Amino acid sequence: MYNEDLAPAKERNWGAFSIFNVWTSDVHSLWGYYLAASLFLFCGSFMNFLLAIGIGSLIIFFLMQLVGVAGVRTGVPFPVLARASFGIWGANFPAIVRAIVACFWYGAQTAAASGAIVALLVRNESLLQFHQSSHMLGHSTLELVCYVVVWGLQLLII
250 MYNEDLAPAK ERNWGAFSIF NVWTSDVHSL WGYYLAASLF LFCGSFMNFL LAIGIGSLII
310 FFLMQLVGVA GVRTGVPFPV LARASFGIWG ANFPAIVRAI VACFWYGAQT AAASGAIVAL
370 LVRNESLLQF HQSSHMLGHS TLELVCYVVV WGLQLLII
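So the sequence shown is residues 250 to 407, counted in our numbering.
Derived by calculation from the structure, the hints in this document are not laboratory data.
Treat the hints loosely; a few may be bogus.
[What the hints assert, rightly or not] Label pairs and their in silico Cβ distance ranges:
#1 S334 / H384: 45 to 51 angstroms
#2 S334 / S294: 42 to 48 angstroms
#3 L376 / P328: 43 to 49 angstroms
#4 N373 / T273: 16 to 22 angstroms
#5 S334 / Q358: 42 to 48 angstroms
#6 A344 / R322: 19 to 25 angstroms
#7 L402 / L376: 15 to 21 angstroms
#8 N373 / L402: 18 to 24 angstroms
#9 R347 / F266: 26 to 32 angstroms
#10 S334 / Q314: 16 to 22 angstroms
If you're wondering where the values come from, they're calculated on a predicted model, not measured in any experiment.
Cβ atoms here follow ideal geometry from the backbone N, Cα and C, with glycine treated the same way.
Based on the sequences and whatever the hints tell you, model everything.
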């Protein structure tokens, strides 16, 4: 199997700034901010908070380096590396595992974003009363509406 688009690039100009951008794009996410808020709340002091965020960010950086080194060295994306490791048909297994993880992560991001919107909306007194009085499927109707709206907006973007 050969595709000209997947051939390694002749010039690789990734420097420290490019790697820093990839690393920070993983750290700066909705879940990263949730983690930061909870650590800020539970760590006690500001220095403990900074230490925990710094150690966590370095762990993410080293894991990203470990996972991505083969692709960076060869210029080959994940599907091609999976074919080289597992064969043409065996590469379907890591692709399916990756897809399942992506589906769960999509749901988690949607739940987190809708929770943030609910937190903003309940600042309004009438929406707070609606949130407290109207329930469906174990959640408030406001939570479900926000979840469906965020889900729909994300589907438009994807």
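Please test the hint of 45 to 51 angstroms on the beta carbon pair from S334 and H384. For S334 and H384 the Cβ distance comes to about 49 angstroms; the hint holds.
Range first: 18 to 24 angstroms. Now tell me if the beta carbons of N373 and L402 are that far apart. For N373 and L402 the Cβ distance comes to about 20 angstroms; the hint holds.
L376 versus P328 beta-carbon gap, inside 43 to 49 angstroms or not: Once the Cβ atoms are compared, 45 angstroms apart, the range 43 to 49 angstroms for P328 and L376 holds.
Would you say the C-beta atoms of A344 and R322 sit inside 19 to 25 angstroms of each other? holds, 21 angstroms
For the hint 15 to 21 angstroms, verify it against the beta carbon of L402 and that of L376. holds, 19 angstroms
A range of 42 to 48 angstroms was offered for this pair. Does it hold for the Cβ distance of S334 and S294? At roughly 46 angstroms between Cβ atoms, S294 and S334 fall inside 42 to 48 angstroms, so the hint holds.
Quick one: are S334 and Q358 within 42 to 48 angstroms, going by C-beta? violated, 29 angstroms
Whether the CB-CB distance between R347 and F266 falls inside 26 to 32 angstroms: holds, 28 angstroms
Taking the Cβ atom of S334 and the Cβ atom of Q314, is their distance within the range 16 to 22 angstroms? Distance hint for S334, Q314 holds at roughly 19 angstroms.
Given the range 16 to 22 angstroms, decide if the beta-carbon distance of N373 to T273 lies inside it. Hint violated: Cβ distance 34 angstroms, outside 16 to 22 angstroms.
Comparing the model with each earlier hint shows violations of hints 4 and 5; every other hint is respected.
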